[in-house]
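Assemble the whole structure, with the sequences as input and the hints as a guide.
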Amino acid sequence: MPEPKGPRSIVCIKQVPKAQELQVDPVTNTLKRVGVPSEINPPDRNALEMALQIKDKHGGEVFVVTMGPPVFTAALEEALAMGCDRAFLLTDRLLGGSDTVPTAYALSEVILKIGGYDLVFCGEETTDASTGHVGPGIAGHLDCAQITYCSEAELLGDRVRARRAVEDGFETWECPLPCVITVNFLSSQPRPESLTGKIRVKRGGLITTWSCADVGIDPNKVGIRNSPTIVAKVDTVVLPDRKAKIFRGDPKEAVANLLDAMVADGVIAP
Amino acid sequence: MTLPRDKSLYKGVWVFLEARQGTLRDVSLQLLGEARRLADLRGTDVSGVLPGHAVEPLAREAIEYGADRVYLVEDPRLASYRSRPYTKVMASLIERHRPEIVLFGATKNGRDLGGRLHAVLETGLAADCVKFEIDKDGNLDMIRPSFGGKSLAHILCKQHRPQMASARPNVFPKPPRKPGRTGEILPEAVPFTEKDFDTTIATFEERRTGQEAKIEEARIVVSGGYGLRDPKNFKMLEELAAELGGAVGASRKAVDAGWVPKAYQVGQTGKTVRPKLYIAVGISGAVQHLAGMQESEKIVAVNLDHKASIFEIADYGIVGDLFQIVPEMVRQIRERKAHRAVSVATR
Ligand SMILES: Cc1cc2nc3c(=O)[nH]c(=O)nc-3n(C[C@H](O)[C@H](O)[C@H](O)COP(=O)(O)OP(=O)(O)OC[C@H]3O[C@@H](n4cnc5c(N)ncnc54)[C@H](O)[C@@H]3O)c2cc1C
Ligand SMILES: Nc1ncnc2c1ncn2[C@@H]1O[C@H](COP(=O)(O)O)[C@@H](O)[C@H]1O
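If you read the protein sequences in the order shown, they are chains L and F.
With our numbering as the guide, the letters of the first sequence map in order to residues 1 to 270.
With our numbering as the guide, the letters of the second sequence map in order to residues 1001 to 1347.
Mixed in with the good hints, there may be bad ones.
Stated by the list, open to error - Listed next, the in silico DMTMM-like pairs over lysine to aspartate or glutamate satisfying Cα-Cα at most 25 Å (straight line): (1) F:Lys1088 <-> L:Glu174; (2) F:Lys1088 <-> L:Glu167; (3) L:Lys245 <-> F:Glu1312; (4) L:Lys243 <-> F:Asp1141; (5) F:Lys1253 <-> F:Glu1206; (6) F:Lys1088 <-> F:Glu1217; (7) F:Lys1337 <-> L:Glu253; (8) F:Lys1253 <-> L:Glu253; (9) L:Lys252 <-> L:Glu39; (10) F:Lys1011 <-> F:Glu1133; (11) L:Lys18 <-> F:Glu1312; (12) L:Lys221 <-> F:Glu1095; (13) L:Lys233 <-> F:Asp1141; (14) F:Lys1178 <-> F:Asp1045; (15) L:Lys252 <-> F:Asp1321; (16) F:Lys1158 <-> F:Asp1137; (17) F:Lys1195 <-> F:Asp1321; (18) F:Lys1298 <-> L:Asp143; (19) F:Lys1174 <-> F:Glu1064; (20) F:Lys1174 <-> F:Asp1137; (21) L:Lys221 <-> F:Asp1141; (22) F:Lys1131 <-> L:Asp128; (23) L:Lys243 <-> F:Asp1321.
Keep in mind that the hints were calculated from the coordinates and are not lab data.
If you want it as structure tokens, here you go:
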């Protein structure tokens, strides 16, 4: 097979429950997770888009990787239909309950197993774990450069330049390849799945499934037993039951009624 | 890097001191106060780690805010935060001095650093904590919101040391500064290589807020979302906020559209506010937004869509077009004020 020209990007994506649909069960006071529809972690779509734009411009290829149960195949198929070339699913019971340390380790091993990479993309954080630690953790394991919280990236030969959003403005970082880039939610309009992409997925053969043993992942470094952190307990946050007084209709009246109600409740001065 | 597993070898509470443009970040000072409390509970002391260039005065400042000792790593190449050399500073010093607890501000840089460091050290790191306790076994109980603030998770790191956590800005009060308080400043050498500095920062575009009142301190916050459609429409919210003596905030979508600076952002990846009154204008009420304002005393929502989630946590709502409602609110509040002034004057 001829060497493909252009950079190889590897995008790490996770499938998460749709945040908006998570509800606290009023009886058990725990989060209702079963039956909640899932989606690709929203910032990971922006990560896919950034990688695909680099491919549009410079050629090369985009691989997508996920670690999780076989149902995560749905996320991989969607990424393939957006335009990724190949997908890798790391799935193994040994991985259950992994926190960010084993997750970053296992994903970095998958990346090494794939063999050769110029750019690794992650989302800024997931909506279910929301740590943002996995991307920098992968960079730590790979001992390569990292640029986090990026909204734009451009390839300049064997270097990458990315615009990074920080609290007080924007920084532009530049580093040699390979590099891990984490991508901000809302930083782009991720492309939809294409029809040809969907057909390619249907034809099959694009997804490689690996176990820990296939990759050479040390079983003593993954899973709940080898995760430094545990969730000891979860308290449900009980918020005040706010009975919204809703006003509608004529704007003038609605505003007058709102202000009267707020004055009556002592929220604002008469 | 493999750290020894014997937990009894680890002592002391550390704070990563984040310097930004010649000053210490507020969150670093806030954490010195919390570190002091935790150190007292553990019968130990507080150290700061300060990498930077010409930052010794900041080390003295940290001591006045409660650090017993500051490990100072000065190098012109550390003038701005960069992932690799800062990780090496932390990893080297942790290996050398073995702290029991290391705290970071949950800023972009704090999370960038912590994320890389915890993988290198293979120890636990909890993100975005809002509270810490010491459990009965002497472990740090790291408490953080999960699922967009719908629950609070207690994270423990029982077998590994150090126990590391990042904490959100402005959840811990800044401790009082004690001018003249003394402590040790210990310069440390770190074995850098060329490769550690292979990343360069080409540009920095500062975005100042221009607004006086900080939203996290304001008693009333008027926030605008994507429904505002255009940055110039924030003028309307400024007028409303001015009438009420409040400050202007925003949803992330409005911030990411470039309409207002990041400092305005309320939510999970922005600021947490608990004002007396929060007015959400043209904001749909995504969990990540609610995470930053759901503890407000009273909430008002203005939205065209009666099904918007924001109404579920509102005390008052107007279903209607913000372009009619907001100017009308400004007008009527002015009218009421004028009326009040007249009635006072004629009494
Ligand atoms: C990892 C992650 C972190 C995030 N962190 C944050 C965060 O910190 N803060 C945050 O806010 N979001 C955050 N988000 C984004 C969040 O999920 C939502 O996308 C965002 O809050 C939506 O902003 P919005 O309500 O302004 O926009 P939209 O959801 O687009 O809502 C606009 C609203 O305006 C209303 N509207 C439109 N026109 C009018 C009109 N003329 N009059 C009245 N109403 C009108 C619409 O009905 C709609 O409800 C995060 C997301 C992720 C994935
Ligand atoms: N199980 C996983 N499989 C693949 N990528 C992941 C996984 N978990 C996290 N990531 C990546 O790491 C990013 C940050 O995740 P987190 O640190 O969990 O907030 C995500 O946006 C993904 O890009």
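### Query
Can you list which hints this structure breaks, lowest number first?
Those not satisfied are hints 4, 6, 8, 9, 17, 18, 20.
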